[in-house]
Amino acid sequence: MIKSLLLILFLIATLSAFAQKNYIISGTIKDKSTGEQLIGATIRIQELPQNGTATNSYGFYSLSAPDGEYTLLFSYIGYEIVIQKVSLHQSIVINMDLPSKSELKEVVISSNKPNNDNVASPQMGADKLDMAQINNVPVLFGEKDILKTISLLPGVKSAGEGNTGFYVRGGASDQNLILLDEATVYNASHFFGFFSTFNSDAVKDVTLYKGGIPAEYGGRLSSVLDIKMNDGNNKDYTVQGGLGLISSRIKVEGPIVKDKGSFMISARRTYIDFFLKASSDSTIKGSSIYFYDINAKANYHFDDNNVLYLSGYFGKDVLGLKNTFGTNWGNSTGTVRFNHIFNNKLFSNTSLVFSNYNYVVQSFQSNDNFKATSQITDVNLKEDLQYSMGSRHLLKFGLNILHHTIAPGNISASSSSSFNNLNIEQRYGFENAAYVNDEWKVNDKLTFLYGLRLSGMFLLGPGTFKTYDAAGNVLTSATYASGATVNNYFNLEPRFSASYQLNEENSIKASYNRNTQNIHLLSNSTSSTPTDLYVMSSNNIKPEIADQVSTGYFKNFNDNIFEFSAEVYYKWLQHQIDYKDGAQLLVNQDVESQLVYGSGRAYGLELFLKKKYGRFNGWIGYTLSRTELKFDAINNGNYYPARQDRTHDVSIVGIYQLNKRWTFSSTFIYGTGNAVTYPTGKYKVGGLTTYSYSERNGYRLPSTNRLDIGATLEGKEHKKYHSSWTFGVYNVYAHRNPYIISFRDSKTVPNTTEAVETSIFATQIPSVTWNFKF
Amino acid sequence: MKRTKYYISVLFIVLIAASCTKVVDLKLGNNTGELVIEGNIDDSSKPQTITLSRNVPFTNTNTYPPVTGATISVTDGNGNNGQFTEGPPGTYSVSRLQGIQGNTYTMTVITNGKTYTAVSIMPVLVPLDSISSIQSVFNKGNNIRDITVHYKDPAGIPNQYRFILYVNSVQVKRVFAYDDQFIDGKSVNLELAENDIDIHPGDTATVVMQCIDKPIFTYWNTLMQQQGNGPGGGVTPSNPPTNITPATLGYFSAHTTQIKTIVVQ
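Chains as they are written, first to last, in this note's numbering: chain A, 1097 to 1870; chain B, 8 to 272.
What the hints contain is simulated information worked out from the structure, not anything from laboratory work.
Source: prediction; values computed, not measured.
The C-beta atom is built at its ideal place from N, Cα and C for all residues, glycine as well.
Hints are not guaranteed to be accurate.
[To be verified] Straight-line alpha carbon distances no greater than 30 Å define the calculated DSS-like cross-link-like pairs of lysine-lysine that follow: (1) A:1197 to A:1181; (2) A:1381 to B:53; (3) A:1381 to B:29; (4) A:1324 to A:1651; (5) A:1726 to B:34; (6) A:1756 to A:1843; (7) A:1412 to A:1467; (8) B:29 to A:1467; (9) B:121 to A:1676; (10) B:159 to A:1843; (11) A:1541 to A:1707; (12) A:1707 to A:1537; (13) A:1638 to B:53; (14) A:1638 to B:29; (15) A:1197 to A:1843; (16) A:1128 to A:1412; (17) B:221 to A:1780; (18) A:1478 to A:1356; (19) B:221 to A:1676; (20) B:180 to A:1418; (21) A:1356 to A:1381; (22) B:159 to A:1467; (23) A:1356 to A:1418; (24) A:1418 to B:159; (25) A:1128 to A:1780; (26) A:1815 to A:1726; (27) B:267 to A:1324; (28) B:53 to A:1676; (29) B:121 to A:1843; (30) A:1541 to A:1381.
[Said to hold, decoys possible] These stretches of chain A come out as covered by chain B in the derived footprint (C-beta under 8 Å, 3 or more residues): (31) 1720 to 1726; (32) 1775 to 1783; (33) 1790 to 1804.
[What the hints assert, rightly or not] Selected chain B positions facing chain A (in silico; Cβ < 10 Å): (34) 31; (35) 33; (36) 82; (37) 164; (38) 188; (39) 224; (40) 229.
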C-alpha cells in the first residue's frame, strides 16, 4: 500500500520535472477589517488564465508562473476584487487584505466580473455556503441555521419538519461526517433536531461535499460537512448579538496582540423553559428544557510562517421533569492546530483534536432512582501537507491517527432502587488513515483531481468479544488483553474527479469515489434522540462501503451572474445496518446480536440554478432520486424504499434587497412524502386491535410543502454601533405537513379503526429577533 | 430506563404546542384472510382457550371471521395432553389441562390441510406482591392516577413479564411487556404508564400479571415498541416475530397468571 502511494508521488514528481523554470507567488489572503483569513479566495493571473488557484482552509495560496509581467486578480465572494501588477523575476510573497463589500454600506450590483469557479474547478458535488446568504434565509423561530439552509440544496434532504438532520444522496443521517474546526461532531442537533449545534455567529465557512469527496476526508459514507469557526477580529474589539423570542446569543471578539493574535467567544442559550413556568400543570411548571452552546477560538501569529490556533465548542441540552426524571446530552470538542509554512510551496498543518459526545439519563424517584450514562471520546492526531508542484499540480497528503473510546452504557443506582448497577465494557479502537491527493491541470481544458486514501480500523482489547449467529445466539466468545488487536479492516478508497472545460462558461465533470465507514450509529428511532449509541466495526459489524459515480454539466451565463448545474449519481452501498424486530439497543451487552446487515443503492438527478449577484438573488434546486435497501429478513429479501427515499424534492430561495435598510427573503419547499409502512389488515391479539403489515415502506406520507418569509430591517447608521431587526413567518399559509400517521381504534365510531395524521406546525410561526453589533 | 422514552415523548408533545391531529382517509392495501392463531396455556384451573380467526381490511369493523373445524392439541411432553374442542365458532377449549410451571408445551393446529406447531415454556411464577395507585406525574390538576405494580424479581435468572391493565373492567389499549435486564434480583415498582384511559380515585383497577418466556416477550415487546408515538414516530412497524411454524399471525404462549384488583385511592 505505502509502495503504491510512493509510486504515485514519484510519477507526479517526474511529470512536473518537465515543466519550465517557474517563479512562485505565495501568501495569505485576509479580510481587511477583521484580519480573518479567507478560505477559498481565488487568485488568478489575467495573462495565464489556467494558472489560477484558491486559498486553503488557512488563507494560504501558492501558484507559479514563468518570468514575466502579470496582472494578479484577488477575489472572494462578498468582497471587492483587488488587482495588482507584478514583475515576476524571482519568487515573491504577496499577502493581500480584501475589503468586504458590506463595508461600503450600499447596494452594490457588482461591477467586477464574478468568477466562474463552479465551471472551472474539477471539484463536483460540492456546495460552499455563503454565510451572508444563510443569515438572510428565513427559518423556524428566527434561529438562522446552517443545517436547515443546507437542506435547501439539491441532493440534501431534511430529516423532517423543523429537523436539522439531513440525508445526502440517499445516505442515512449518521453517514455524514460533520466537522467543526476538524473535530467530529457526533450529535449535530439540539432539542430533538429542531436546532443545529452550530451557532452561525461563530461560523466563517461551510462546505458540503456530496460526491467527489477529496481523499483528505474519510470515515463516513455519504457526505462531509466541513465547518470552520471565525478566528476573531485581530484589529478591533467588537461585540455582537441578538435577542430572539426563544433564544439569545452574544459574540465577543478582538485582538490579543494587534495584527498578531485574536480571540472569539460566542454563546447562545434558549429560554423555552421560561414559558413552561406559565403552565398550570405543576410538573410541567417545574420542568427544565433548554440548551446552550459556547464556541471559543484564539490564534496567534508568531510570524508570517507560524500560526497557532486553539478552538473549542461546548454545548448541552437539558431536559427534566421536576423530581422525576432528567436527561442531558451534549458535545464538546477541542482543537489545537499549528500552521507552518516551510517554504513558498509547502504548507503544513498539524492538528490535535479532541471530541466527546455524552448523555445522561436520570430518574430521581426514590424507589427507582438510577443514573445511566454513555459516551464516545475521540483523540485525533492529524498531519496535513499541501505542496504546490509547478503550475500544474497541487498535492495534498497526510496522516491521521484517530483513537476512539466508547463507553456504551453505565447504570448506577442506590441500593434502595429497583435498578441494578450495570457497566458495559468500554470499547477501544484506532481508525488510521493515510492519503494523497493531486489536483492536476493537464491543460487549459482538462483537470484531474485524484487520490487514494488507505484506512485501517483496529478494534482493540481489553474485553470480551463475542460473535453471534443469525438468530442472535452467541457463537464464540473470546477475551483479549489490553491493547491486543481483536479485529482489523483495511480499505483502499480511490477518489477521482475530472473536469473538461468546453469554454469559459461550460464544463462537464465526472467522478468516482469509494468511502468506508467504521463507526456506526445505532438508533431504531427515526429522529435525533439523545440516546444515540455508537459502535465500531467488529467481529460482527463489517465496515460500511459506498461506491459512487457521478457526472454533471456546469454552466455559467450572463457574465457568471447565473450558474446552472445538472448532476446525476449512482451509489452502491454495502454492509448497511438495520435492527431486528423488538431490538433492544440501549445498555445492552449483546447489542451486536440485535443487528441485521444488507445492501442498498441510490441514484438521482440534481438540477440547480442560482443567481449569485444583484439586488435579487437566490436559487432553485430540484432533485429526482431513489434510495432502496435490501435485507434478507425484510420484505422477503426484495429492495424496498428507504425512509429517506424522496422522489421529488424542490427548494426555492429568493432574497431581495429593496434598499439600504430593507431585505426580504422567502423559501418554498416541496417534497414527496417519506416512505412509510401502513397496515394492510387488522386482527385481534391480547384483547387489542393489532395491525398486519405486508411490505416495508410500501406507502408514502402525503407530500410536504411550505412557504416561509423573512425580512431584515437594518438600523439607522451610527458610528459606534449597528443594529437590525429580523422578522420571519414560518409556514405562511399554515399548511398541515404530516409528521406521522398513526392508527388506532376510532374514538367516535365504536368497533372501527381510524388513521390519524399529526402535524407539528399546523399554523404560522412568527418570529422576531433584534441584532446588535458595536 | 424503559420509561425514559415515554417521558421524553410526553415532553416533546407538550413542547410542540402548535401540533394538531386529524383523522384522514387513506387508501390502504388489502392483504387479508390470513390465519390468526392466539394460543394461551396458563397455570389456572380454568379451561384453556385457543382462538382461530382471519385478519380483515383496515376499513372493516373490528369483527374477525372465525376459522372453524380445526384440529387442535397441546402436549407438555410429560404425558399430559389435551385435545381442544370447538365451542363458539373459532374458539377451541379444553377443560382439564392446567399448566405446570417449568413444563414445555407444544401446540399443534391442523386447519385447511395445513399443520401449524409452536413451542412455549411456562416460566416459574414470580409472585405479584401488590398493586397501588399513585398520583400521575402529569395532569396533577386533574387528579389523575397511575397504577404501579410491585414484585420481587428472582436474581440470576432471566425473567419476562407481561401486564394487562383494566380500568372498571375496560382493557387499557396498551401493551406492557418487560424483562429484567436492568432490575435482576430487585424489588420492582413498575409504573404502567399509559394515556389511553384517565384513572381517577374511585375507579376499580385490575392488573393481570403473566410470567412469559423469551420468544413471547420479544413478540409483545415488538408490539409495545410500535405503539410509541414519540419524536419521529417510533420504530418502523412490522408483524411481530411469531413462535408458530410455518409463520402466521399470532402466537402461542404458556405463562403463569396472577390477578389483583384495587379501588383507586
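Hints versus structure:
For a cut-off of 30 Å, the pair hint linking residue 1197 of chain A to residue 1181 of chain A stands: about 22 Å separates their Cα positions. At most 30 Å may separate the alpha-carbon atoms for a hinted pair to count; residue 1381 of chain A and residue 53 of chain B exceed this at roughly 49 Å. Restraint check for residue 1381 of chain A and residue 29 of chain B: satisfied, since their Cα atoms lie roughly 28 Å apart, inside the 30 Å limit. Between the alpha carbons of residue 1324 of chain A and residue 1651 of chain A the distance comes to roughly 28 Å, so the proposed pair stays at or under 30 Å and holds.
About 25 Å separates the Cα atoms of residue 1726 of chain A and residue 34 of chain B, which keeps this hinted pair within 30 Å; it holds. Straight-line distance between C-alpha atoms of residue 1756 of chain A and residue 1843 of chain A comes to about 56 Å, which puts the hinted pair past the 30 Å bound. For the proposed pair residue 1412 of chain A and residue 1467 of chain A, the alpha carbon gap of about 17 Å is at most 30 Å, so the pair holds. Distance check on the hinted pair: residue 29 of chain B and residue 1467 of chain A sit about 38 Å apart at the alpha-carbon level, beyond 30 Å; violated.
Taking the CA atoms of residue 121 of chain B and residue 1676 of chain A, the gap is about 28 Å. The hint holds against a cut of 30 Å. About 38 Å separates the Cα atoms of residue 159 of chain B and residue 1843 of chain A, which puts this hinted pair outside 30 Å; it is violated. Between residue 1541 of chain A and residue 1707 of chain A the CA atoms are separated by roughly 25 Å; this keeps the pair inside 30 Å, and the hint holds. Pair hint residue 1707 of chain A plus residue 1537 of chain A holds up; C-alpha atoms about 28 Å apart against a cutoff of 30 Å.
A C-alpha spacing of about 52 Å is found between residue 1638 of chain A and residue 53 of chain B, which places the hinted pair above 30 Å, so the restraint is violated. Between residue 1638 of chain A and residue 29 of chain B the CA atoms are separated by roughly 44 Å; this puts the pair beyond 30 Å, and the hint is violated. Under the criterion of a C-alpha separation no larger than 30 Å, the hint pairing residue 1197 of chain A with residue 1843 of chain A is inconsistent with the structure, at around 61 Å. With a C-alpha separation of about 35 Å, the suggested pair residue 1128 of chain A and residue 1412 of chain A falls outside the 30 Å cut-off, and the hint is violated.
Between the alpha carbons of residue 221 of chain B and residue 1780 of chain A the distance comes to roughly 21 Å, so the proposed pair stays at or under 30 Å and holds. Proposed proximity of residue 1478 of chain A and residue 1356 of chain A is supported: the alpha carbons are some 25 Å apart, at most 30 Å. A C-alpha spacing of about 15 Å is found between residue 221 of chain B and residue 1676 of chain A, which places the hinted pair at or below 30 Å, so the restraint holds. This hinted pair checks out: residue 180 of chain B and residue 1418 of chain A have alpha carbons roughly 28 Å apart, not beyond 30 Å.
At roughly 50 Å between alpha-carbon atoms, residue 1356 of chain A and residue 1381 of chain A are farther apart than 30 Å, so this suggested pair is violated. Proximity of residue 159 of chain B to residue 1467 of chain A is assessed by CA-CA distance (about 21 Å); at most 30 Å being required, the pair is judged to hold. This hinted pair does not check out: residue 1356 of chain A and residue 1418 of chain A have alpha carbons roughly 50 Å apart, beyond 30 Å. Distance hint between residue 1418 of chain A and residue 159 of chain B is fulfilled; the C-alpha atoms sit about 28 Å from each other, no more than 30 Å.
Between the alpha carbons of residue 1128 of chain A and residue 1780 of chain A the distance comes to roughly 72 Å, so the proposed pair goes past 30 Å and is violated. Proposed proximity of residue 1815 of chain A and residue 1726 of chain A is contradicted: the alpha carbons are some 63 Å apart, above 30 Å. At roughly 62 Å between alpha-carbon atoms, residue 267 of chain B and residue 1324 of chain A are farther apart than 30 Å, so this suggested pair is violated. Restraint check for residue 53 of chain B and residue 1676 of chain A: not satisfied, since their Cα atoms lie roughly 36 Å apart, outside the 30 Å limit.
Distance restraint check for residue 121 of chain B and residue 1843 of chain A: the Cα-Cα separation of roughly 38 Å exceeds the 30 Å cut-off, and the hinted pair is therefore not satisfied. For the hint linking residue 1541 of chain A to residue 1381 of chain A, the alpha-carbon distance of about 66 Å lies beyond 30 Å, and the restraint is violated. As drawn, the stretch 1720 to 1726 of chain A meets chain B at 0 residues by the rule of a beta-carbon pair under 8 Å; below three, the given contact is violated. Interface restraint, the stretch 1775 to 1783 of chain A with chain B: holds (9 residues with C-beta to C-beta distance below 8 Å; minimum three).
Under a criterion of three residues with beta carbons nearer than 8 Å to beta carbons of chain B, the stated coverage of the stretch 1790 to 1804 of chain A is upheld, 6 such residues being counted. Interface restraint check for residue 31 of chain B: the shortest CB-CB distance to chain A comes to about 5 Å, inside 10 Å, so the restraint holds. Interface restraint check for residue 33 of chain B: the shortest CB-CB distance to chain A comes to about 5 Å, inside 10 Å, so the restraint holds. The beta carbon of residue 82 of chain B is not positioned within 10 Å of any beta carbon in chain A (closest approach about 23 Å), and the interface hint is therefore violated.
Restraint check, residue 164 of chain B versus chain A: the minimum CB separation of about 14 Å is more than 10 Å; hint violated. The beta carbon of residue 188 of chain B comes within 7 Å of a beta carbon in chain A, closer than 10 Å, and the hint placing it at the interface holds. With its C-beta approaching chain A no nearer than about 8 Å, residue 224 of chain B sits inside the 10 Å limit, and its interface hint holds. Residue-level restraint check for residue 229 of chain B holds (minimum Cβ-Cβ distance to chain A is 4 Å; threshold 10 Å).
Taken one by one, the earlier hints fail for this structure at numbers 2, 6, 8, 10, 13, 14, 15, 16, 21, 23, 25, 26, 27, 28, 29, 30, 31, 36 and 37, listed in ascending order.
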